[in-house]
Amino acid sequence: MRDARDLEFVSRGPVGLERLREALEPGVRLAASPEHAVTHQWLDTFDRRLRRAGLSLELATEADPGQPTLLLEDRGALSAWSAPARPGDRAAGRRAWRLEELVGAGPMLRRLAPAVGIRALLPVAEVSTRTLEVRVLDAQDKTTVRLVVEERVGPVAPDELPRVRVVVGPLTGYRRHSDRLVARLRRLAELEPFSGGWPALLPSLAKTPAEVPAGPRLTPGLESAQVVRQILARLLAAAVANAPGVVADWDTEFLHDLRVSVRRARSALKLLGDCLDSREASPLAADLKWMGDLTTPTRDLDVHLLAVSAGGEWHLDPLLAAPLVPYLQARRAAARRQLVRGLRSARWNRAQRRWEEIARPRPPAGGGPGAVPIGELAGTRIALAYRRARRAGIHIEDDSPPEMLHTLRKRCKELRYLLEFFAPLLEGPPFLGLLSQLRALQDCLGEFQDTQVQAATLRELAAEMLADPTAGAEAVMGLGTVDQTLAERRRRARAEFASRFHDFARPRTRRAVAALQPGGRPAPMPT
Amino acid sequence: MRVVAAYNIKGGVGKTSAAVNLAFLGARDGYRTLIWDLDPQGGATFLFRVRPRVKGGVRTLVRRRSRLAAQVKSTDFDNLDLLPADFSYRNLDLALDQARRPTRRLAELVAPLSDHYDLLIMDCPPSASLVSEGVLRAADTLLVPLVPATLSLRTLDQLTHFVGQVKPPRPRVLPFLSMVDRRRRLHRDLAAQLRGQLPHLARAEVPASSAVEQMGPRRAPVVTFAPRAPAAVAYRDLWQQVLELGER
Ligand SMILES: Nc1ncnc2c1ncn2[C@@H]1O[C@H](COP(=O)(O)OP(=O)(O)OP(=O)(O)O)[C@@H](O)[C@H]1O
Ligand SMILES: [Mg+2]
Numbered sequence: 002m003r004d005a006r007d008l009e010f011v012s013r014g015p016v017g018l019e020r021l022r023e024a025l026e027p028g029v030r031l032a033a034s035p036e037h038a039v040t041h042q043w044l045d046t047f048d049r050r051l052r053r054a055g056l057s058l059e060l061a062t063e064a065d066p067g068q069p070t071l072l073l074e075d076r077g078a079l080s081a082w083s084a085p086a087r088p089g090d091r092a093a094g095r096r097a098w099r100l101e102e103l104v105g106a107g108p109m110l111r112r113l114a115p116a117v118g119i120r121a122l123l124p125v126a127e128v129s130t131r132t133l134e135v136r137v138l139d140a141q142d143k144t145t146v147r148l149v150v151e152e153r154v155g156p157v158a159p160d161e162l163p164r165v166r167v168v169v170g171p172l173t174g175y176r177r178h179s180d181r182l183v184a185r186l187r188r189l190a191e192l193e194p195f196s197g198g199w200p201a202l203l204p205s206l207a208k209t210p211a212e213v214p215a216g217p218r219l220t221p222g223l224e225s226a227q228v229v230r231q232i233l234a235r236l237l238a239a240a241v242a243n244a245p246g247v248v249a250d251w252d253t254e255f256l257h258d259l260r261v262s263v264r265r266a267r268s269a270l271k272l273l274g275d276c277l278d279s280r281e282a283s284p285l286a287a288d289l290k291w292m293g294d295l296t297t298p299t300r301d302l303d304v305h306l307l308a309v310s311a312g313g314e315w316h317l318d319p320l321l322a323a324p325l326v327p328y329l330q331a332r333r334a335a336a337r338r339q340l341v342r343g344l345r346s347a348r349w350n351r352a353q354r355r356w357e358e359i360a361r362p363r364p365p366a367g368g369g370p371g372a373v374p375i376g377e378l379a380g381t382r383i384a385l386a387y388r389r390a391r392r393a394g395i396h397i398e399d400d401s402p403p404e405m406l407h408t409l410r411k412r413c414k415e416l417r418y419l420l421e422f423f424a425p426l427l428e429g430p431p432f433l434g435l436l437s438q439l440r441a442l443q444d445c446l447g448e449f450q451d452t453q454v455q456a457a458t459l460r461e462l463a464a465e466m467l468a469d470p471t472a473g474a475e476a477v478m479g480l481g482t483v484d485q486t487l488a489e490r491r492r493r494a495r496a497e498f499a500s501r502f503h504d505f506a507r508p509r510t511r512r513a514v515a516a517l518q519p520g521g522r523p524a525p526m527p528t
Numbered sequence: 004m005r006v007v008a009a010y011n012i013k014g015g016v017g018k019t020s021a022a023v024n025l026a027f028l029g030a031r032d033g034y035r036t037l038i039w040d041l042d043p044q045g046g047a048t049f050l051f052r053v054r055p056r057v058k059g060g061v062r063t064l065v066r067r068r069s070r071l072a073a074q075v076k077s078t079d080f081d082n083l084d085l086l087p088a089d090f091s092y093r094n095l096d097l098a099l100d101q102a103r104r105p106t107r108r109l110a111e112l113v114a115p116l117s118d119h120y121d122l123l124i125m126d127c128p129p130s131a132s133l134v135s136e137g138v139l140r141a142a143d144t145l146l147v148p149l150v151p152a153t154l155s156l157r158t159l160d161q162l163t164h165f166v167g168q169v170k171p172p173r174p175r176v177l178p179f180l181s182m183v184d185r186r187r188r189l190h191r192d193l194a195a196q197l198r199g200q201l202p203h204l205a206r207a208e209v210p211a212s213s214a215v216e217q218m219g220p221r222r223a224p225v226v227t228f229a230p231r232a233p234a235a236v237a238y239r240d241l242w243q244q245v246l247e248l249g250e251r
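Quick mapping for you: the protein sequence lines, in order, are chains A and B.
What the first sequence shows, in my numbering, is residues 2 to 528, in sequence order.
What the second sequence shows, in my numbering, is residues 4 to 251, in sequence order.
Since the hints were made in silico from the structure, they are not lab data.
Just so it is clear, the structure is predicted and the values come from calculations on it, not from any experiment.
Hints may be right or wrong, so weigh each one.
Taking beta-carbon pairs under 8 Å as the criterion, some of the chain A residues facing chain B (in silico) [unchecked claim]: (1) S80; (2) P108; (3) Y175; (4) L320.
Note that beta-carbon positions come from the ideal geometry of N, C-alpha and C, so glycine has one too.
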């Protein structure tokens, strides 16, 4: 094991072996590798789950093809192991890996899987170096300290200097040796102490691709139209950032996130679009509906595939899942072809341009429907959305048709989006209280509807597979138990509904909505 | 944490050679690995070029005056650390005997290591002593090298009997053929006979090989300097089989 953090220096000029020797005590025995080229890639999920979990994962590949090495830094402790990934993968311009492909089935999978989840790992930064590895040896030829000199090759941005790192890797049980070495290296004038490794020298590692410049801070006095444009701009940026991952099919979350952006933009137009010019807003609303619909078939199949996979929602016996998976995959491949064609179509481009145009920031208008201060508008729109949701649910009885709950679910989503759009204006206990009651209600309604949709899909699948001579009948048998489980979950969700809705609709929550006061003025009490 | 012990009552059968190679292979596969050299002769310690010395000797260790982790030395390989042998390990039996619950003592010492390691390999001295009993209670898997010799089966019987006497959970026993010289008629016959009588014998079979002997002068696992040697292939296969056995 290598201890805590490596001790490192940086230098603006090259540092050769001879120069290092000058710093060391006479008679110290060194073994040096020939200089060799190494490419270092730092990997993370698109949404930087590793970084957020305090982990850093590096894939180091030597030009002279050997097995690439993976290095994991976990809160200061560094472990290194050979990557099972074949060396050719990088040369082939590989841009994404599934975790198991990269780390194999060993203990590293167990350590990383909780953070990574179902996401793919993408290279988020890359550095190529000429690397010299030096080992300090004792009388037994045992390594007591590792020393690495890395010089960046290739173009270096001005903010990424210096280009040379000297790293002392302390070894467990030999700390004294490395401390002594570090003290000697401090005498070399060109070496500056440093910490953080290449990542600290690479601004690109610190950013999340989906991070969008926040724009002007949301304050209650801004014109509504400006704020709505800003909301649409942020959603557009997220959609654009996720599109390449959808086309390349890195993981299923790209499509999910793309859909969420489109859906939110649709709701923003529906709920707040009247502060924009309707000649702009209505065509975009139609575009967004088309964009959303385009993504639906693939997403549905993604959901089913996740449900049937090992550890998935349906807890299917692997034997039963086995014939189902290729069947669903084939259908997904077909759906994806349509999707990718759509994403590359002129229509998509036109829609995107319209979205960009409507999101383009403009100076305050000073008058018209868009000039209302956002604080005021937010308050009334939230109160309105709450009222609508309440009305949609108030007449639901134990024997009401499911459609009434589905409608209520839509109203709740609209309220939720508004609360999210305006969250920076709303912070405080009433907001958090309302949000948690809304969430609880949404979870219940989601469970009720999703289990129904899944059960319908299941029956459809069973029918299709029975009709398909290549599919194998044994898969169909296992679906019966899944159907029962889903029905039971659905029953439970329905039974919980009344109390969840009661909490959401009771006077206390109504007062909380009225107390949100985003404009400094209480919103009208919802009735 | 997997705990695998290379163990046989008999000496010179290939325990240390197997322990050292499996430790390296585990580390290479991403297991944070520790090899504990319990043999006062310090074979594994020597092969990893570490000075055989435990501060305070075996008594301090057993009395838990110092944590085991404080004695750890990094080897020259990533992910692979060593708990060195010390000549005072010849008194380990005595020290254990004076501890409370002597046969559980090793398991207690080992337990906290699981915060830092995924795999512990114990290289044991040849004997059936208190130390061995402690090892049997700490390990989930016993790797037992069997040299094709007339008495090997009897030795394994003794060992199995010994394992049967310890309190559960008992380790699984994975015997494997070691130092097999296929050119010798007697070896071929005895190997076939052992295979017939022991259905749970590992499929990997480590041949008698000059590459393994080279580990001494080179002071490194054979899988690092002669990865294509048949013995190296056999150790990789053996490691695979240990993995397949999974945790207890
Ligand atoms: N497969 C092999 N082919 C040839 N020589 C071997 C082989 N395995 C081990 N040896 C040699 O046999 C000797 C004993 O091996 P090793 O130290 O691995 O056995 P051991 O069971 O640990 O011994 P001890 O009981 O003394 O601890 C060593 O010199 C070693 O190099
Ligand atoms: Mg030995």
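Here is how each hint holds up against the structure:
1. A distance limit of 8 Å between C-beta atoms decides the matter here; for S80/A the minimum to chain B is near 5 Å, and the interface restraint holds.
2. Taken as an interface hint, P108/A checks out: its beta carbon lies about 4 Å from the nearest beta carbon of chain B, inside 8 Å.
3. Checking Y175/A against chain B: minimum C-beta separation of about 7 Å stays under 8 Å; hint holds.
4. The interface hint given for L320/A is violated, since its Cβ lies 20 Å from the closest Cβ of chain B, which is over the 8 Å cut-off.
Hint violations for this structure: number 4 only, all remaining hints satisfied.
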